[in-house]
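Listed here are the chains, written in short residue letters.
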Amino acid sequence: DTGVSQNPRHKITKRGQNVTFRCDPISEHNRLYWYRQTLGQGPEFLTYFQNEAQLEKSRLLSDRFSAERPKGSFSTLEIQRTEQGDSAMYLCASSIRLAASDTQYFGPGTRLTVL
Amino acid sequence: GDSVTQMEGPVTLSEEAFLTINCTYTATGYPSLFWYVQYPGEGLQLLLKATKADDKGSNKGFEATYRKETTSFHLEKGSVQVSDSAVYFCALRDTGNQFYFGTGTSLTVIP
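Sequences listed follow chains A and B, in order.
Start counting the first sequence at 1452; every next residue gets the next number (the working numbering).
Start counting the second sequence at 218; every next residue gets the next number (the working numbering).
Derived by calculation from the structure, the hints in this document are not laboratory data.
All C-beta atoms, glycine included, are put in the ideal place defined by N, C-alpha and C.
Partial list, derived from the structure: chain B residues whose beta carbon lies under 8 Å from chain A: (1) Gly260; (2) Leu263; (3) Phe306; (4) Arg310; (5) Gly313; (6) Gln315; (7) Phe316; (8) Tyr317; (9) Phe318; (10) Gly319; (11) Thr320; (12) Gly321.
For reference, chain A alone in the conformation it holds in the complex (with noise of 0.2 Å):
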């Protein structure tokens, strides 16, 4: 097992362009987040997915951001139509429910620069 992935690593796009990072959590982990963190600030949450139901979705999330999480495996977080604003760190996390417990284990990160 080699722990959650993102990719890319980082992202440079102009503003009002479309980016789509994805991310494949740790295998048999049913559970999947998605997080942004800009400098000097702890992780906000943005969605989770149990399986393929997207169950929870932050008032932070603009309708230009979409998540998807098709077979309940890997998950995509598209950006449409990007703002300087979005630039910030994206990380994705993954966990498997257990009673009582729901580590999570974090992706590296996709960094994105809007210019």
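Assemble chain B onto chain A, guided by the hints.
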């Protein structure tokens, strides 16, 4: 809404000093509490956790006790090492399985 407030940094300590990083939380219900660590150039890693009141989480010499009466989960270590230099994040998981993180506290340990 639920939230976590942690001590602002940066914190600089000499090797073998005692460490406390304060964390308090606001939550409805009975959240689980976590400390995550981010070493330079690496991703977030779980350091320790506690799932109910009075539980003590511990790992690598670090400890934190879930105090419901003071809504706190302070991180402590009796004797820090240079290798403990990192950013530490306090977090809670609410009953709806959403996670809330603090802003992080940067620790630098000097020899």
